Structure formats: structure tokens, C-alpha cells
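As they're listed, the protein sequences go chains X and W.
Its first residue numbered 1, the first sequence is counted upward by one per residue in our numbering.
Its first residue numbered 1, the second sequence is counted upward by one per residue in our numbering.
It is worth saying that the hints were derived from the structure and are not from the lab.
Take the hints with a grain of salt, since some may be wrong.
Which bits of chain W does chain X cover? Going by a derived footprint, with three or more residues having C-beta under 8 Å, they are [claimed, not checked]:
{"#": "1", "region": "207 to 220"}
{"#": "2", "region": "226 to 234"}
Over 10 Å on every C-beta distance to chain X, these chain W residues come out as not near it, computed from the model [to be verified]:
{"#": "3", "residue": "27"}
{"#": "4", "residue": "84"}
{"#": "5", "residue": "85"}
{"#": "6", "residue": "112"}
{"#": "7", "residue": "115"}
{"#": "8", "residue": "324"}
This one's a predicted model, so the numbers in the text were calculated from it and none came from an experiment.
All residues carry an ideal CB built from backbone N, CA and C; glycine is no exception.
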Amino acid sequence: MAILEMRDITVEFSGFVAVSGLSLGVQQGELRCLIGPNGAGKTTALDVICGKTRPASGHVMFDGADITQMEEHHIARLGVGRKFQVPSVFRELTVRQNLEVALSRSPGVIGNLFRFSRSSAAEQLDKLAELVGLDEALDAAAGTLAHGQVQWLEIALLVAQDARLILMDEPTAGMTAHETQKTAELFMRLKGRHTLIVVEHDMAFIKEISDVISVMHQGRLLAEGTVPEIEANEQVRAAYLGSGGISGA
Amino acid sequence: MRTYPLWAKLLGYGVFCLVLLAVPLFISDDYLLNKFARYLVFGIVALALSISWGYAGILNLGQAVSFGLGSYCMAMALKLRTIPIQTGAEGLPDFMVWNNVKSLPWFWVPFHSYAFAIAAGVLVPVILAFLLGSFVFRARVTGVYVAIITLALLVVVNLVIIDRQRYTGGFNGLTDLEPLELFGVTFDPYAVATYYLIAISLAVALFLGLAVVHSKTGLVMQAIRADETRVRYFGYDVAAYQTFALCLSAGIAGFAGMLYTLVMAFASPTFLAVPISLSIVIWCAVGGRTSLLGSALGAIVVTGVQGSLSDTPAFLETWTLIMGVLFIVVVLFLPRGLISLIDLVPFGRRTDATPARAARRGRVSVR
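In isolation and in its complexed conformation, chain X is listed as follows:
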């Protein structure tokens, strides 16, 4: 069943149509890649899902609930997590504190007044840090991490949040080939338990992880299919004209 359904979404920024009539469905446990040339509206589509941007028309259904007009923190509580294009971790806090913030099952102010770090949570944090190879750096300030480590910390934050639907905007940007490889392995482990939508440009990475690719162009859904189907698609080739098709993107 579709955990996420975008119906006829249109987004306008003072006259400029960023997304127009986008409809997209994603199945439970799926890893969906969202690709397209610059300005295709991929990031805007993620913004609409997590509540950062309100669409001019259309609806977003998550697990049967209409979340189109909900506030960001309500959408997050339903189980939608978001990683932004620009790495955004809490730089002044330690890796451990970052993860503690992300463990957000009880988000109330008053309840959290009486909640202090306990050993049960500590074990969970150690496991998470190990998953992304940050167990040595748990007490380091997030601001002192290397770029690739920051990207992984962000991924760990989303796992800690235990989001059912994880939205990833360019998770491998700026990573070395080796780091990208490790990230791909990590995503394969997340798939199934979590549903992922990944916006990416790195085709090698996409080929490794994706089941179904959705291609966006000029705010519309251009094509949808497996990697070979998309590679053979004439319309997609035309959209990427001059850049040698998606494989050269």
C-alpha cells in the first residue's frame, strides 16, 4: 500500500511555478530515487511533504492522513524525517547530544523536564553511532567532524528519530567514492524497515540502491520506472539534452 501519496501538487513562488500538477505515490518500505535536472522541483517536492512549503493546490496523504496543511512538527511526529541539502547538525552540541535530540518520541516540554540521559538510551545511542561509524567521536562537538562524518551523523539522526518516511536531499554530496559506497550499504539496510525518498545526482549511487526512479522535469513528473527503463526513455534523454543522458548527469 502507498504510505505516501502526492495528488496534483502545485507550488508557486510569487508567480514562478516550481512544481506543477505533481502526483507521486511511494510504497511502504520502498526506496525511491527522485532525479531530474537542476530546477526540476525535486527539493521543493520534499519541502511540500515535510511541511516547509505549502502547495498552492493539491494534497499530500501520509499513511491515510491529509498532512497538506499541518505544521512541520506535527508532520514529523507522524513519522516523516528530513535531511536537508545543506548539512544541518547542531554544531555546538556533541554527537551524543545531537542523537539525544533526535530521539524524539516524547516531544513535550514539561515531560522532558524530568527526563535525563539514562543508560538505556545510552546503549541505543552507542548502537546508532556504531552504525554510521561515529562511535569514536560520540563526545566530539558536531562542528569538528569531517564533511562525510557530518552527512552520516545526519543519517543517524533520522534513524534515531525512527521516521517511517525518510526524505534525503543529496545525501552523498561531497563524499569520497569510498564514503558513497558505505552510504549505499547503509541505505540498503534502512530500506524495508523505513521508506526512503532520495534526491540524488550520482547515477552510480542511484543504480546501486534504487528500485524505482521518478524523473522530474520543470516541475512535472516526466517518467517513472526501473534504471534500464529510465535510461532507455527518450523523453528523459531530451530533458537531459547536452549532458549525455542521465548517466552523465
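Given the structure of chain X, go ahead and fit chain W onto it with the hints provided.
Below, chain W without anything else, positioned relative to chain X:
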């Protein structure tokens, strides 16, 4: 900046509080003790600002609103106790008589009760902060705009109090108060009991604040300071956390205001004027706004130096200049305030026995 384990902080805070409580054993001069008590009150109001500014990133330039309202709540209760002495059993507070007020205004009536006055001294600032926070943070106003709005609120409240002379005493404030009498103890401005009350209040505020900033709520507050938007996508209601920080800060500042009335024996519109409100920000900056103890110490040190300089004939004209230089030096060279000087103390080195741990400790740079 090194990071200190909680037990080390508790120890440091505990030692500081013990020192405060020991002060009267060595000082028998009532006048001096009264001065120290005043500095400690400023310490409380500075640590209150540290919670909202240092931890949650809300620069409240109107902190003195809470301080002043607390002060007036206490003063109103103490003023009502003077009626039988000054104007007869059925009389009114003296300034109301001079202003031709015929009957006690409705909002003065409940202040006949100390319990009400003390509750109001905390709750009135908290309610005001709650209303302000609800509007400002729900509308996602951030940064410098919050500072401007809080400053505007300060000016408005100050003007209202000065303008409504018939009910507030106007420019003169509320003077000629009875000392507070509770549980058979008289809290005269020059009494040792008053000093102890204030020192214990500071200690309680320090440990209460420490408990809050070390809770999950305190952690989320710090995350909001670092990146408000990101916190939202974890499912936290950012506005609720910001409002909470503002309310907690206001409540503590209101309590400090009540204590200030006790040491000064009057309440004045200058308690909630712009100069003192900006001073609170300076105390926090000098002491170290991301440390509760640092902020309190900042207030005590700055007001202490200020007090002794302005009392010394040689510096009568120049003490503001010296304070200005101190402020600039600290901001330029100690961005984390005077409290960060503790990093220079080489204690605890021996615990870094293994080279690996020492190397790791070297990389760590969190408070």
C-alpha cells in the same frame, strides 16, 4: 573550552553556595552585608537571563520587566502594611491620599495577603512572558526582532507605571515600606536574615537552573539555539520550548525583583528601566552567558567592582570608563566570559592517563 562532568559542576556550584552562606560569618558590617545582598540579587536575575539567552538563544532585552514587576508586587504588599501607621486604620497608602484617590483600587486589594503578593511576584511576570512568547514565537519571530520587541515591551510597561501615578506612585515609586515579616522573622534591609534569604534563593535558583538545563528540555533548548528550523523537523514544538524558557526566566527574575524590594526598602520605575535591563545583558556577557554560575558571577563581579569604584573618590568621575574597558576586553578576548578562565586551571590532567584518551580530550571542544 573543556567539558566538565556533571559531578564537577555540582561540586563547583556547591562550593560557591557554601562561600555565599559563609560570608556573614566574616562580615559584621550591616551596610556591607546589604550591599553584598544586592549583588547577589543581580546574580539571580542574570542567571535567569542565562537560561533564555545563553541556553535557548532568546536575547531578552526586557528582562527588567519581570524584575520590576516582581519588585512592585512585593512593594505593594509591604506598602499596605504601613496604612495603620501612616494614614490610620481605614486609610490608603500615603501617595494615594496625596493624589486624591478615594478608595483602594481593585488590583491593590488582594495584596493585603503576603501569600498572594509572593505568588503574584512570580506569576505576573510568567503570565506576561507566556503571552509575549505565545504571540512572538508562534509567529516565528527570531533573533534581533525578538530583542527589539522585548525592549519595546520594557519601555511600554515602564511608561505605564510612571504615568499611572495615582495607583503606582509614578516616578517616586513605592517608598516608606514596612519590612517583610514572615514566620516570625523580620527581613529588614540590613538584617542578616535578609542576606541569608537571598543567598539561599540564589543557591536554589542555581541548582534548579542546573537541573533544567541538564534535562532533555534543556538539551532541546540548546538545539533550538543552534538551529531552530532543524529542531522542528524532529517533531518538537519549538515555540513551546522557547515560551517555556522565557517564562522560567521571567519567573526567576520576578522572584529576584521581590528580593530586591527587601534589600532596597522601596520599588522604583528605575528597576524596570532600560539601563538596568541592558546591564543584565552585560553581566551575562561578562560572566559567560552559557553558564548559569558564570552569569551570576558576572553580575556579582561587575556590580561589585562598580560599587567599590563609584565609592572611591579617585574614580568618582571615571568608573563608567573603567567598566566600559572591562566589558570590551572580556568580549574581545573571552567570548565565553570570565567563567571560561577556569579552563586555564590545570586540574584533572592526571585523569587523562592513556594517550588515546588525552588525544581524544584534545579534540573535544564543548562546554
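**Asked** Okay, the region 226 to 234 of chain W and chain X, do three or more residues pass the C-beta test at under 8 Å?
**Response** With 8 residues closer than 8 Å to chain X, the region 226 to 234 of chain W meets the three-residue bar; holds.
**Prompt:** Hey, does residue 115 of chain W actually stay past 10 Å from chain X on C-beta?
**Reply:** About 25 Å separates residue 115 of chain W from the closest Cβ of chain X, which puts it past 10 Å; holds.
**Message:** Confirm or reject: residue 27 of chain W is not an interface residue toward chain X, with every Cβ-Cβ distance exceeding 10 Å.
**Reply:** holds, 37 Å
**Asked** Can we trust that residue 84 of chain W is non-interface, i.e. its beta-carbon lies farther than 10 Å from all of chain X?
**Response** holds, 44 Å
**Message:** The output says residue 324 of chain W does not contact chain X. Does that hold with a beta carbon cutoff of 10 Å?
**Reply:** holds, 29 Å
**Asked** Is the nearest CB of chain X more than 10 Å from the CB of residue 85 of chain W?
**Response** The claim stands: residue 85 of chain W keeps its Cβ more than 10 Å from every Cβ of chain X (closest is about 45 Å).
**Request:** Count the residues of the region 207 to 220 of chain W whose CB lies closer than 8 Å to any CB of chain X, then report whether that count reaches three.
**Result:** holds (count 7)
**Prompt:** Would residue 112 of chain W pass as off the interface with chain X, using Cβ distances and a cut of 10 Å?
**Reply:** Consistent with the label, residue 112 of chain W stays out of reach of chain X, its closest Cβ about 33 Å off (over 10 Å).
Every hint from the earlier list agrees with this structure, and none is contradicted.
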